[in-house]
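**Student:** What follows is each chain in one-letter form.
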Amino acid sequence: MSTVSAVEIRGLTKRFGDVAAVDAVTLDIRAGEFFSLLGPSGCGKTTLLRMIGGFELPTAGSIRIHGEDVTRTAPYGRPVNMVFQHYALFPHLSVGENVAFGMRYHGVPRGDEPRRVAAALALVQLTGYESRRPDQLSGGQRQRVALARALALEPEVLLLDEPLGALDQKLRKEVQVQLKQLQRSLGITFVFVTHDQEEALTMSDRIAVMNRGRVEQLDEAARVFERPATEFVATFMGASNFFDVFVRGGDAASVSIELPGGAAARLPREGREWNAGERLRFVVRPEKLDLRTHDLSTRGVPSVPVTVEDRVYQGVGTVWLVRGPGGEAFSVYEQNERPDEGARFAAGARAFLCFRTRDAILLSTAGDR
Amino acid sequence: MRGRGGLLGAYAALVYLFLYAPIAILVVFSFNRARQTAVWEGGTTEWYRSLAKNDLILAALKNSLIVGGVATLIATVLGTLVALALGRHTFRGEGFTRQLLYLPVIIPEIVLGAALVTFFGALAFRLSLLTVVIAHVVFCVSYVAIVVRARLAGFDRSLEEAALDLGARPAQTFFRVTLPLLAPGIVAGALLSFTISIDDYVITSFVAGVGSTTLPLQIYSMLKVGVTPEVNAVSTLILAVTVVLIAVAQRLQRRPAEREETS
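Going down the list, the protein sequences come from chains V and X. Start counting the first sequence at 124; every next residue gets the next number (my numbering). Start counting the second sequence at -19; every next residue gets the next number (my numbering).
Bear in mind the hints are in silico, worked out from the structure with no lab data behind them.
Selected chain V positions facing chain X (in silico; Cβ < 10 Å):
hint : residue
1    : N204
2    : F207
3    : L212
4    : A275
5    : L282
Glycine included, C-beta positions come from ideal geometry on N, C-alpha and C.
Looking at chain V on its own, in the form it has when it is part of the complex (with noise of 0.2 Å):
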C-alpha cells in the first residue's frame, strides 16, 4: 500500500449553530485504504463524509483530495463519487439510465455508454439489469446499482454512507466482504461511515472512532480493537470493564498497582509516566478476563474477588454479570465448550476475576491528552 495521502483533512470544523458537529479534525486517508469513519449517532462522522463530498461547506479548515484543494468546489467538481445511504436511485430512470447518469459529465462519448454501463454492473453481479426500474429490485441489489452507479465512473475516493444500513443482518455479512474484496480488487480509496464497530473491523484497513465531532483515535483495526486508547473508545468497542486503582510505584517498564480487594499487581507501563499514588484507569476485554473459584495471585496472576450476580446464556458463549469488592460491575464472557459449562457458578456465588496483565489496556483519561 502506497502512503500517499488521497484525502488530506487539516482543523476541519462544521458549525450549525452553536453546535461543532465536526470540531477541528485533522487526518489523512491514505491513497487505496479501506477507511472507516466510525462512532455513534451525531459524533460527526456523516458531516465530515459529507464535507468530503461537497454536500456541506466548512466552517474552518480545508479538504485536499489528492493534493488538489476543494474546500469550497461544488460536488460536480471533485473526483469523488458517493453511495448514499438510501441509495438515492433515481425512480423515474432505469437501472442503466441510473449508471450512465453522469457518464456525459465526465467525457464519456455517448457511444461508449452501454458498454460502460455493462461493465460497472458486471462488477456488483447485476449483468443484464439495465432496463429494470428500481422499484423492482430488492433492497441488497438496489445498494449494487448505487455502487455500480458511483464506480461507472472511475473515482479517486468513493464515499459510502450507512450503504449497508438498510439491509438485513445476513445479507450485511455477506455484502461486507464482497464490498471489501471489490476495494482491494479496484485498488480505490474507500471512506466508510458506519456506527457498526463490526461492520467496521470486518472491513477497514484503518479505523477513525469520533465522539463529539472530534476523532478519538485513528489506528489500524486491529490496534483500534486491542488497545482503545480512551475510555469512549474502549466502550464504543465493547471493552466495558474498568478497573480503578491506585498506583504505588513501579520501573521503567511497569507499574505496580493495588487491585479491587487489595492484591498486587504489575502492568506493563507503555511508555507513559505514573506516579506513586495517583489514580490509574485501565481496561479488560469480556473475553480476556477468566472467572475461577480459587485466588490465582500467589501464582501471579492477577485476581479480583466478586460475587457472581447473573449469567447470560448466548448460545456459543456465556455471559457472567459479577460485581467486585467495591459494587463495580464486571462481566465476562466464556465461549461454551463444555454443555454443563453454564451452570458452573450460581447466582451469589464467590468468585474471582483472573486476567493476563498483557491484556489490560490503560487508558489516558480526558485530562491527560
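On the provided structure of chain V, position chain X as indicated by the hints.
**Tutor:** Coordinates of chain X only, in the frame set by chain V:
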C-alpha cells in the same frame, strides 16, 4: 350492531341522495325530449346537437377554453416557482409569503371579485378577456403552488445531491431529476387549476367585459329566461369534463405515496 349498521347505511344513503340527486336529475333531463316540462317524455340527444349550433354557447365555450388554457399555463409556471422558492429556500418574508399563498383560496370569492374589479378600475384597465385571465391567474397560482408544495414535501433531497455528485450542474440536476419527479404534482396542479377556472362564476362575473362572457356566465344568463334542456346538456358536459380532470389530478397526486410504500 347490525341494526346500527343498517341505520348508518340508510343515513349515508340519504346524505348522498341529498347531495347528488339534483345532479342526477340534471343529467337525466339533459336527455329529455320535452322542452319545458319537468316530465320525462322519452330520451333524445337533440339538445346536445342543438348546443353545437348555438353560437352564444360556442362563443362562451371558446372564451372559457382560452381563459382556462392561458390562466392555467401562467399559473402553473408561477405556482411551481412559488412552491420551489418556499420549499427550497429560506428567505426574508418566507412565512408571510406562505400565508399569502393561501389567501386567494380562503377569502370569499365575492370579496376577491370586488377587489379585482376595483383594482382594474383604479388602473383604468378596460374589462376584457385579459382581465378575466389575470383574475383567474390570481387564484389558480395558489392552487398550483399548494399541490406542488405537497409533492415537494415528500421529495428526497439526496436524489438531487446524487445528481450533483455524479457531475450534473444545478441546472442539469433541475431538468433531469427535480422537474421529472415533480411533474405529476405540476400536472395535477395544472388540471385542478383548469377545472377551477372553467367553473368559476363569481369572480369572472365581476371582471368580464363585453364579449368576454365565459361558459358559466352564459349558462346563468340563459337560466334567467328559464331552465332549458340545453342548459342541462351543457352543464352535464362541464360536469363530465370536471369529474375526469379531478380524477386524473387525484391519481397523479396519490401515486408517489403508493410507490414509496412498496419500495
